[in-house]
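Residue numbers (the numbering used here), protein chains in the order written: chain A, 1 to 428; chain B, 1 to 460.
Hints are computed from structural coordinates only; laboratory data are not their basis. Here a beta-carbon is modelled for each residue, glycine too, at the ideal position from N, C-alpha and C. The reader is advised that the hints may include incorrect statements.
Said to hold, decoys possible - No farther apart than 25 angstroms at their CA atoms in a straight line, the calculated lysine-lysine pairs in the PhoX-like style are these: (1) Lys102(A) - Lys91(A); (2) Lys426(B) - Lys208(B); (3) Lys15(A) - Lys358(B); (4) Lys96(A) - Lys167(A); (5) Lys358(B) - Lys9(A); (6) Lys96(A) - Lys185(A); (7) Lys92(A) - Lys128(A); (8) Lys152(A) - Lys111(A); (9) Lys68(A) - Lys96(A); (10) Lys270(B) - Lys422(A); (11) Lys21(B) - Lys35(B); (12) Lys358(B) - Lys16(A).
Claimed, not checked - Short, incomplete list of chain B residues facing chain A, as computed with Cβ under 7 angstroms: (13) Gly67; (14) Ser173; (15) Ile183; (16) Ser253; (17) Phe256; (18) Tyr260; (19) Pro280; (20) Thr291; (21) Ser378; (22) Gly382; (23) Thr409; (24) Ile412; (25) Leu437.
To be verified - To list a few chain A residues with every Cβ distance to chain B over 12 angstroms, as calculated: (26) Ser3; (27) Ser4; (28) Asp62; (29) Ala80; (30) Lys92; (31) Ala138; (32) Tyr169; (33) Asp175; (34) Gln240; (35) Met336; (36) Glu392.
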Amino acid sequence: MSSSTTRSKIEARLKKRHARERRFYWAGLISIAISFFFLLVLLLTIFSKGLPAFEQTWIKLDVDLSEKILGVSRNADHDALFRAHYSRAIKKSLRKMFPGVKGRKQKRALKNLVSHSAPWDLREQVLKHPELIGGTHAFWFLAKDDIDLYMKDGIDRQADESERRLKDYQLAWIDRLLAEGRLQKRFNTRLFTSGDSRDPEQAGMLGAIVGSFYTMLVTLVLSFPIGVGAAAYLEEFAPQNNRWVDFIEVNINNLAAVPSIVFGLLGLAVFINFFGVPRSTPLVGGLVLTLMTLPTIIIAARAAIKSVPPSIKEAAIGLGASPVQTLFQHTLPLAMPGILTGTIIGMAQALGETAPLLMIGMVAFVADIPGGILDPATVMPVQVYLWSDSPERAFVERTSAAIIILLGFLVIMNSVAILLRKRFERRW
Amino acid sequence: MKIVLVTLIALLLLGYFLGRKRSLRLARRVSGKRKLHSLPGYYGYLVAIWAGIPAVVILLLWTSFQGRIVTSLTMADLPASMQTASSDERGLIINEIVNLAESGTLAQESDPVKQAAARHYLHLKQIGDWAVAVVVLVVALLGLLFGLTRIKPDARARNQVEAVIRWAMIGCSAVAILTTVGIVLSVLLEALRFFHAVSPLEFLFGLKWSPQMAIRSDQVGSSGAFGAVPLFVGTLLISSIALIIATPLGLMSAIFLSEYASPRFRAVAKPVLEILAGIPTVVYGFFAALTVAPFIRQLGEAAGLNVASESALAAGLVMGIMLIPFVSSLSDDAISAVPRAMRDGALGLGATRSETIKQVLIPAALPGIVGGVLLATSRAIGETMIVVMAAGLSANLTINPLEAVTTVTVQIVTLLTGDQEFDSPKTLAAFALGLGLFFITLMLNVVALHVIRRYREQYE
Numbered sequence: 001m002s003s004s005t006t007r008s009k010i011e012a013r014l015k016k017r018h019a020r021e022r023r024f025y026w027a028g029l030i031s032i033a034i035s036f037f038f039l040l041v042l043l044l045t046i047f048s049k050g051l052p053a054f055e056q057t058w059i060k061l062d063v064d065l066s067e068k069i070l071g072v073s074r075n076a077d078h079d080a081l082f083r084a085h086y087s088r089a090i091k092k093s094l095r096k097m098f099p100g101v102k103g104r105k106q107k108r109a110l111k112n113l114v115s116h117s118a119p120w121d122l123r124e125q126v127l128k129h130p131e132l133i134g135g136t137h138a139f140w141f142l143a144k145d146d147i148d149l150y151m152k153d154g155i156d157r158q159a160d161e162s163e164r165r166l167k168d169y170q171l172a173w174i175d176r177l178l179a180e181g182r183l184q185k186r187f188n189t190r191l192f193t194s195g196d197s198r199d200p201e202q203a204g205m206l207g208a209i210v211g212s213f214y215t216m217l218v219t220l221v222l223s224f225p226i227g228v229g230a231a232a233y234l235e236e237f238a239p240q241n242n243r244w245v246d247f248i249e250v251n252i253n254n255l256a257a258v259p260s261i262v263f264g265l266l267g268l269a270v271f272i273n274f275f276g277v278p279r280s281t282p283l284v285g286g287l288v289l290t291l292m293t294l295p296t297i298i299i300a301a302r303a304a305i306k307s308v309p310p311s312i313k314e315a316a317i318g319l320g321a322s323p324v325q326t327l328f329q330h331t332l333p334l335a336m337p338g339i340l341t342g343t344i345i346g347m348a349q350a351l352g353e354t355a356p357l358l359m360i361g362m363v364a365f366v367a368d369i370p371g372g373i374l375d376p377a378t379v380m381p382v383q384v385y386l387w388s389d390s391p392e393r394a395f396v397e398r399t400s401a402a403i404i405i406l407l408g409f410l411v412i413m414n415s416v417a418i419l420l421r422k423r424f425e426r427r428w
Numbered sequence: 001m002k003i004v005l006v007t008l009i010a011l012l013l014l015g016y017f018l019g020r021k022r023s024l025r026l027a028r029r030v031s032g033k034r035k036l037h038s039l040p041g042y043y044g045y046l047v048a049i050w051a052g053i054p055a056v057v058i059l060l061l062w063t064s065f066q067g068r069i070v071t072s073l074t075m076a077d078l079p080a081s082m083q084t085a086s087s088d089e090r091g092l093i094i095n096e097i098v099n100l101a102e103s104g105t106l107a108q109e110s111d112p113v114k115q116a117a118a119r120h121y122l123h124l125k126q127i128g129d130w131a132v133a134v135v136v137l138v139v140a141l142l143g144l145l146f147g148l149t150r151i152k153p154d155a156r157a158r159n160q161v162e163a164v165i166r167w168a169m170i171g172c173s174a175v176a177i178l179t180t181v182g183i184v185l186s187v188l189l190e191a192l193r194f195f196h197a198v199s200p201l202e203f204l205f206g207l208k209w210s211p212q213m214a215i216r217s218d219q220v221g222s223s224g225a226f227g228a229v230p231l232f233v234g235t236l237l238i239s240s241i242a243l244i245i246a247t248p249l250g251l252m253s254a255i256f257l258s259e260y261a262s263p264r265f266r267a268v269a270k271p272v273l274e275i276l277a278g279i280p281t282v283v284y285g286f287f288a289a290l291t292v293a294p295f296i297r298q299l300g301e302a303a304g305l306n307v308a309s310e311s312a313l314a315a316g317l318v319m320g321i322m323l324i325p326f327v328s329s330l331s332d333d334a335i336s337a338v339p340r341a342m343r344d345g346a347l348g349l350g351a352t353r354s355e356t357i358k359q360v361l362i363p364a365a366l367p368g369i370v371g372g373v374l375l376a377t378s379r380a381i382g383e384t385m386i387v388v389m390a391a392g393l394s395a396n397l398t399i400n401p402l403e404a405v406t407t408v409t410v411q412i413v414t415l416l417t418g419d420q421e422f423d424s425p426k427t428l429a430a431f432a433l434g435l436g437l438f439f440i441t442l443m444l445n446v447v448a449l450h451v452i453r454r455y456r457e458q459y460e
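Hey, can you work out the whole structure from these sequences and the hints?
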């Protein structure tokens, strides 16, 4: 065998090996690219669907607030004004604008140009300014979800009328309103200032945001001290090779991997059925989430405490401090940035958690803004779930908007955690 | 309730300051602070502890049991005709009375017996609230006074306070055990009640799942079927799809990031992958139901296949995406734990990078990678929101990924989110499923941790 054939063989094999190397490289790059692609598609979908929900269509109507229509006199007391016929006033003004409307179906459709909340909004205005009674004034009202969707997405006018959500006569109304400049898209403040509603155009996130806030408050107040206490004990005081301590550690590691829904079952059976904690409240939600976040906080806090150099603890002991004093005056303050980072990450996880809260009744429809930890409430991710389950088409964009708000909170929390880690975490 | 808490906190602060002041006064009498055993603050803490701990314990116990005692007392005072009712009916009656009392619509109730009972309930509750306030505050006050008498220059206040702190920390650690015990007990007890009604054999091996219980006993098909096999098969189907996607993608991403990527690329790509891990599962569920499922359906139609709108493929695919960062970070840990020398040795012998990875690194890191995949499996099995939103509801015994299947977690959610009566097998079935879920994931975790730990011993 001559050396040249060996060499050509080796070269041929080398070529193959290098080709394999390139293929492997590309396989790695492509799998990362696929992950990024999925993330991109996910975010694009959510944002393209959700951003329109931050705008809402309003309709301007000239409402005749004569005493005859409202059924109250101008200087009536608050109670009478409260019960005046505001919906009649709105109906009359719509009829006046579109006089040719015939038949029950069309009349109902006409009424449904504006949201069901219009009479209450009008009432609020009138109660604030009773001097308006008697004249005709222009008011902006929230448009019904169908109108709003038309303003955002348009509609295929060529399609058969029976298959369209808006009929020809409704489109004619909208065209006229548009021509007269009576339709306007505005920033959707209601999304942030009102609670849940069955009508998509009125539904807002405030109830869920406040509910999440109370739930997180309960979770933080319970899980932070318990988590830090447990971590400090296991790291600094626990006897080595003690069976109980080993058992505790095994438990913590296992709890970190127990499916979240099982915690929901625990909450239902123990907190609600045994201890009688009221259902659907931030209190019981916070209790369940505390048990779920504890492993995260304990593990992070232990790592942070472990990273404090022994020399500092020994110096404190040497100067006569007791072990507890050393812990509270030296170890914990030095470990605090790491502990806080872990806590914030744990809280961010808890904020996005949905499944266990479904078990303990936080899926109930709650229109009121919760006022404390004992009021029925829902939280942001559950609100996402509830809206995504609603049949109205307008709730699709609301759901995406709710996700954007939820992601916004998560981004803020995680940025704070990263900042804390970068700014304050010391390397010894 | 709020007033009690505020007063209690005020009492604790008062106790601290009184204790501190008293110790300082004592110190002056015995010539200087240095004669005190502990720093003055510790005497303050000691008094606060004496005032606080007994009172808080009583408050917690009382509030957790007051509701039950009050309802049973109300029950006991009901007329005899209601006493003889069955336990189900009694539960209904007491619920009605409590709702009546809490809702404030007492005056509108037509039944005088119930009205009286609701009044009685409110009355008892009021007595209870007053009693707990008085008892707690009296106990706190007595504790405070007792604490004050214990202040002497040679009292070992610091040691006592520190002992209390240590016990508190042990209590914090024990929460982990209590949680596990709570999970096991709650799930197990309810599951046992379920197995009284439905035989475990039927549950484990039955092929039909339709938990609709009839309202009347003589209704057709009133029994309901509780064969869990379709659920477990559905869970396995969706989890396998997820793992088939997540394992290669996650592993290759980890290899690329740790072995090939430049530091700059790595610094950008790793946090982006972590974003994928930080997105709440409800968002993935929405994405699966809204975008992925219709897309797969259209794709199938184009290829002439009949795809269900809630296909297992869609849920599994999205779950796979969710698991990519999880698999990737665990494999990354395993690969970077392989000693540098092994890598250098292989490269020095002339192996290409991919050969080093395939023939040296992956075999060495295999236990860690396998452990990571097992943990990912346990996550996939326990994942709830994606399947609740994107998978089907009807139990369908199939392994065709284009059809709709249901999973264990979906069934738990559907069984427990409707109306609940705690005696029907329908509700209890959720706990039996929960027991199965807990058991399976526990096993997977134990095996995974065991595999990872064995591997660690090889090189250290």
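Enumerated hints in conflict with the structure, sorted upward: Violated: none.
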